[in-house]
Amino acid sequence: MKEHVNHIPSYNLIIKILVALLFFTFINTVTSTEQFGTLAIVLSLVYAVVKSFLVLSYYMHLKYESRFMQYMVTGVFVLFTLVIFITFIDYSFR
Amino acid sequence: MDNVTTPSQENYLNHKTGLWSWLTTTDHKRIGLMYLYAIVIFFLSAAVLGLMMKVEKMVPGQTIMTAQTYNAMFTLHGIIMIFIVVVPGLSAVFGNFFLPILIGAKDVKFPKLNLLSFYVYIAGAILGLFSQFAGGHSPDTGWTFYVPYSTTASSNVVLALTAAFVLGFSSILTGLNFIVTIHKMRAPGMTWFRMPLFPWSLYATAWIQVLATPVIGITLLMVIAERVLHIGFFDPALGGDPVLYQHLFWIYSHPAVYVMILPAMGIVSEIFPTFSQKPIFGYGAIVVSSLAIALVGYFVWGHHMFTSGISYWSRWFFSFLTFIVAVPSAIKVFNWVSTMYGGSVDMKPPLLYAISFIFLFMIGGFTGLTLGSLAPNIQLHDTDFVVAHFHYIIFGGMGFAFFAAMHYWYPKIYGVMYSDRWAYIGWGVLFTGFNILYFPMFILGIQGMPRRYFDYLPEFKTTQMISSIGAVILFTGLIIMISNLIYHRRRGAIAPQNPWHGVTLEWMIPSPPPHENFDEVPTITEEPYTFHNPVTK
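Going down the list, the sequences are from chains A and B. Going by my numbering, the first sequence opens with residue 8, and the numbers climb by one from there. Going by my numbering, the second sequence opens with residue 2, and the numbers climb by one from there.
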């Protein structure tokens, strides 16, 4: 079996990710105060997805994991996307 | 393989003694047994509640309890049976005990996490019981906790919700443990397609546990937040939507049905080859169908909501997928029956329970398709038909598979045999009582008897009476079956290592198994269920 190598991201990278997360939190807050209607939910979900991607990739080291692990997490992500999509489609057609 | 007729001297039961050694154990087998005892006690308690409800309905009008007590009873019956017995049941008991053995491992990957799962489970179960007695009315929402009633009822709903939330954590931790165990702990040579079918079913189940349970956790927290903090998730007056609750609840709770039934399918997939002395028919098809059920089962939650005001297109979509999910289930049934065909069938108690599983599961499955059709669903929704269907699937399916597993692995777990004669008698009474209890409920449902009603119209009297008599017979069967197992725990004849002539790994080790299962981790060289010297009858 392949030897597992721990990857430690640099402080520089960690801080960049933190800044990006704060930035998206900020614009999410700003967006929620505007009258975007249904689009506000879509935007919030997009921000949440981007932030999750950053946290998973860098803070949880998924970027440095094996392809297999990446596929598994991607599969889970696709599943939840479908579940949310199906739920909200119901609201659109009611 | 030879049959050793002496029990192993040193085994997991006598490896260490004393209560403390059990409470602090990280041995997967002991943890499985602790789950078993807890689950059997809770099961019998909830069965008594069910029996009392049927006694109440034996004749019209109030007899032994008030309407409010009846509401609390069906709620507690549902919460215990679903969250404390059926969801963890097979995975926690037989999964814990046999998964590592079946894949040739000495334990699960995270033994301490396994023990933590058990204590989280016990904490959740105690909270659930506490909610019945701690201040205010007992919860009366039913196990589904539907809003708006659950957000406005004066009964003790928050504690019951918290209990379900905590129990969910136990489920997630067990699922996580099993996924990693199966990925990392398989014996050398045990490729994915050399793995027995029970571990396969546990693998599919574990994924559902890990992915679906958080959804119900968050949903229950949202209900608590709305009750306590008045945050508007589900109350339209606060900007919420009650149908959203049903979406979120069933996004978990329908896959949870597969958490209950998939391990049951895995268990009978172990039993049929052993008692037919023949390789399982369509191993690959059973594996793929397990995964397909886990996947497709994730997308059929809306069939619980056909009358809740969801859109036409959603109803069409969910109805279609409900029919699709029947296909892999049917494939399994075909394979089990084909396994017996041409085999040397030995009708021992485990096989009898496994065949009963097929029969009852088929009735539950077909009536499920009736409910999955849009038009009949409008007529049958929230009637006794649904209750009958559900019990045929869960009790007839999961419950009978549990009893099958108990009779199949009992000699391995305890190293002694039970009485076949009493096992047959127990099965006969149980099976008869089951059908007399639940089948009339299909008829009641078609005639329009609503579920969860304390009283009924005079025209339902005879059918209700028959159903209630069935409940008494069923309970008698349960007592006979369990008494047989308990009695022979101390007095049974010594079990050989391999009483059923099975070929999977648990039959290669002594009964009861040693502390670490294997002296040496086995190397797997062939497919499971390969019978080199089948025993013919």
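Keep in mind that the hints were calculated from the coordinates and are not lab data. Bear in mind that the values here come from a model prediction, so they are computed numbers and not experimental data. Think of the CB as a built atom: it goes at the ideal place given N, C-alpha and C, for glycine as much as any other residue. Keep in mind that a hint or two might mislead.
[Said to hold, decoys possible] Heads up, simulated SDA-like pairs for lysine to any residue below, C-alpha to C-alpha not over 20 Å straight-line:
1) 462/B / 525/B
2) 185/B / 69/A
3) 185/B / 78/A
4) 107/B / 101/A
5) 185/B / 58/A
6) 107/B / 184/B
7) 110/B / 44/A
8) 185/B / 73/A
9) 107/B / 75/A
10) 58/A / 71/A
[Claimed, not checked] Among the chain B residues that face chain A by a calculated CB cut under 7 Å, a handful are:
11) 288
12) 308
13) 309
14) 311
15) 312
16) 317
Verification of the supplied hints:
no., hint, verdict
1, 462/B / 525/B, "violated (60 Å)"
2, 185/B / 69/A, "holds (19 Å)"
3, 185/B / 78/A, "holds (17 Å)"
4, 107/B / 101/A, "violated (54 Å)"
5, 185/B / 58/A, "violated (30 Å)"
6, 107/B / 184/B, "holds (14 Å)"
7, 110/B / 44/A, "violated (48 Å)"
8, 185/B / 73/A, "holds (14 Å)"
9, 107/B / 75/A, "violated (25 Å)"
10, 58/A / 71/A, "holds (18 Å)"
11, 288, "violated (18 Å)"
12, 308, "violated (14 Å)"
13, 309, "violated (10 Å)"
14, 311, "holds (5 Å)"
15, 312, "holds (4 Å)"
16, 317, "violated (10 Å)"
Hint check: violations occur at hints 1, 4, 5, 7, 9, 11, 12, 13 and 16; the rest are consistent with the structure.
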